[in-house]
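With the hints as your guide, set chain B onto chain A.
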Amino acid sequence: MSTITIAARLRSSLRIALAATSACLGMGLVMWFLVSGPAQAVATAMIWAGLALLVLIPALNVVAVLLDEWSTRPRAFAWAAAGVLLLLVVSTAYKIWKSGFFLGAVRL
Amino acid sequence: MLTTLFVMLAGVGAGSLGAMLGLGGGIFLVPLLNIVLGIPIDKAMAISLVTVIATSNFVSLSSAGRKYANARLAMVLQVAAAVGALSGLWILNYVDERARELIFAGTALLVAIVMIARLNARNVLDPSVTDVGLLGGRVEDPDTGRLVAYRLKRLPFGLSVTFVAGIISSLAGVGGGVLVVPALNSWCGIPMRVAAATSAVILGVTAMPAVIDYYLRGHLTMPALAAAAVLGVLAGSRAGFWISSRVSVRALKILMAVILAGVAAEYFFFK
Chain A
1 MSTITIAARL RSSLRIALAA TSACLGMGLV MWFLVSGPAQ AVATAMIWAG
51 LALLVLIPAL NVVAVLLDEW STRPRAFAWA AAGVLLLLVV STAYKIWKSG
101 FFLGAVRL
Chain B
1001 MLTTLFVMLA GVGAGSLGAM LGLGGGIFLV PLLNIVLGIP IDKAMAISLV
1051 TVIATSNFVS LSSAGRKYAN ARLAMVLQVA AAVGALSGLW ILNYVDERAR
1101 ELIFAGTALL VAIVMIARLN ARNVLDPSVT DVGLLGGRVE DPDTGRLVAY
1151 RLKRLPFGLS VTFVAGIISS LAGVGGGVLV VPALNSWCGI PMRVAAATSA
1201 VILGVTAMPA VIDYYLRGHL TMPALAAAAV LGVLAGSRAG FWISSRVSVR
1251 ALKILMAVIL AGVAAEYFFF K
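In the order they appear, the protein sequences are chains A and B.
For the first sequence, position 107 matches number 107 in this note's numbering, and the numbering has no gaps at all.
Take any residue in the second sequence, note its place counting from 1, add 1000, and you have its number in this note's numbering.
In short, the hints are calculated from the structure, not lab data.
Where is the CB? At the ideal position from N, CA and C, for every residue including glycine.
A portion of the hints provided could be inaccurate.
[To be verified] Keeping only pairs whose Cα atoms sit at most 30 Å apart, straight-line, the calculated DSS-like set for lysine-lysine is: (1) 95(A) with 1043(B); (2) 1067(B) with 1153(B); (3) 98(A) with 1043(B).
[Said to hold, decoys possible] Stretch-level coverage of chain A by chain B, calculated; a stretch enters the list once three of its residues show a Cβ under 8 Å from a Cβ in chain B: (4) 1-7; (5) 10-20; (6) 23-30; (7) 35-42; (8) 49-60; (9) 86-93.
[Stated by the list, open to error] Just the calculated beta-carbon pair ranges, DEER-fashion: (10) 45(A) with 1160(B): 41 to 49 Å; (11) 60(A) with 1041(B): 27 to 35 Å; (12) 1144(B) with 98(A): 45 to 53 Å; (13) 98(A) with 1268(B): 27 to 35 Å; (14) 1(A) with 1160(B): 38 to 46 Å; (15) 1154(B) with 75(A): 23 to 31 Å; (16) 74(A) with 1157(B): 22 to 30 Å; (17) 94(A) with 1096(B): 21 to 29 Å; (18) 38(A) with 1031(B): 34 to 42 Å.
Just chain A, with the same shape it has in the complex:
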């Protein structure tokens, strides 16, 4: 399978993911107002799942651009996308490390 095909499939999946995000957030929000007690935890979980998916989409979109551009020569734009991805990973990892998130997990 060529990288362009993978990129096209990834992009279709991301479109489905964006629709799933709206569905998760919409259903979670409706449940949040209609239910109470333990069921509200389900509503909260649905909203967090929707938000997590939403935040992940831009990074996956950069991966799709990287795969798209990999088949073209010269690969300057593929390297630019790879650079963006690297900066994204490094800055996110740095923020997680600085927050002591993993230290907290180890303590637990």
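Frame of chain A, contents of chain B only:
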């Protein structure tokens, strides 16, 4: 319940402007959440950043957005924006907050003046032009209903502005769209709608680590309000594209200049 509905409506407004003008919407949403609803500034900024990602996702993935967004240009400029954002975190330790606000306000005012001065300038080439360069493209112009070509000019200037926008997004806590869109349009030869869509794509990627940072610092604590804002923004983005294809570029430029002047006034006089 009423607050949630209000936030959703505010999201519709921010999403419309985000899709039309390539702004993150933080400039409108943050004061609204903070001043009108009394939500602490850090929590308001966290919700706003999530909505920036929502607009960006819509622009990157919808057929309406992909028609205008230039993915190659976005990737090249994104490198400068990311390096700028990281530099901004370092500069943050040395520049006083008021000085940062005044620099931002002065820049916004300058850009508004340039935008008005170049109101009638169109960045489109004859459609018969064959070489649009590596970062140019062709796009349908709703003003004329014809396919037009455009070519990127002054790439180093575009990279510099995006780098500065990255710094400002770290220093002032707003997206860099207010600088990137006018700069790409006024100096780099990119048509207004392409500049707006490309800027929206860039902002989403820049906002991603920031949202994670806000979450880890415990500022993203209102999931229901964030969900309402995101749903509003997704609906607003759709409306923004619909409006954008029906109003002239001149009207979009005037709207952008008015918003920039308003932002400058807010930072000069009300902060």
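Comparing the hints with the structure gives:
| no. | hint | result |
| --- | --- | --- |
| 1 | 95(A) with 1043(B) | holds (18 Å) |
| 2 | 1067(B) with 1153(B) | holds (21 Å) |
| 3 | 98(A) with 1043(B) | holds (20 Å) |
| 4 | 1-7 | violated (count 0) |
| 5 | 10-20 | holds (count 4) |
| 6 | 23-30 | holds (count 4) |
| 7 | 35-42 | violated (count 0) |
| 8 | 49-60 | holds (count 7) |
| 9 | 86-93 | holds (count 4) |
| 10 | 45(A) with 1160(B): 41 to 49 Å | holds (44 Å) |
| 11 | 60(A) with 1041(B): 27 to 35 Å | holds (30 Å) |
| 12 | 1144(B) with 98(A): 45 to 53 Å | holds (51 Å) |
| 13 | 98(A) with 1268(B): 27 to 35 Å | holds (34 Å) |
| 14 | 1(A) with 1160(B): 38 to 46 Å | holds (40 Å) |
| 15 | 1154(B) with 75(A): 23 to 31 Å | holds (24 Å) |
| 16 | 74(A) with 1157(B): 22 to 30 Å | holds (23 Å) |
| 17 | 94(A) with 1096(B): 21 to 29 Å | holds (25 Å) |
| 18 | 38(A) with 1031(B): 34 to 42 Å | holds (37 Å) |
Going down the numbered hints, you'll see the structure goes against 4, 7, while the others check out.
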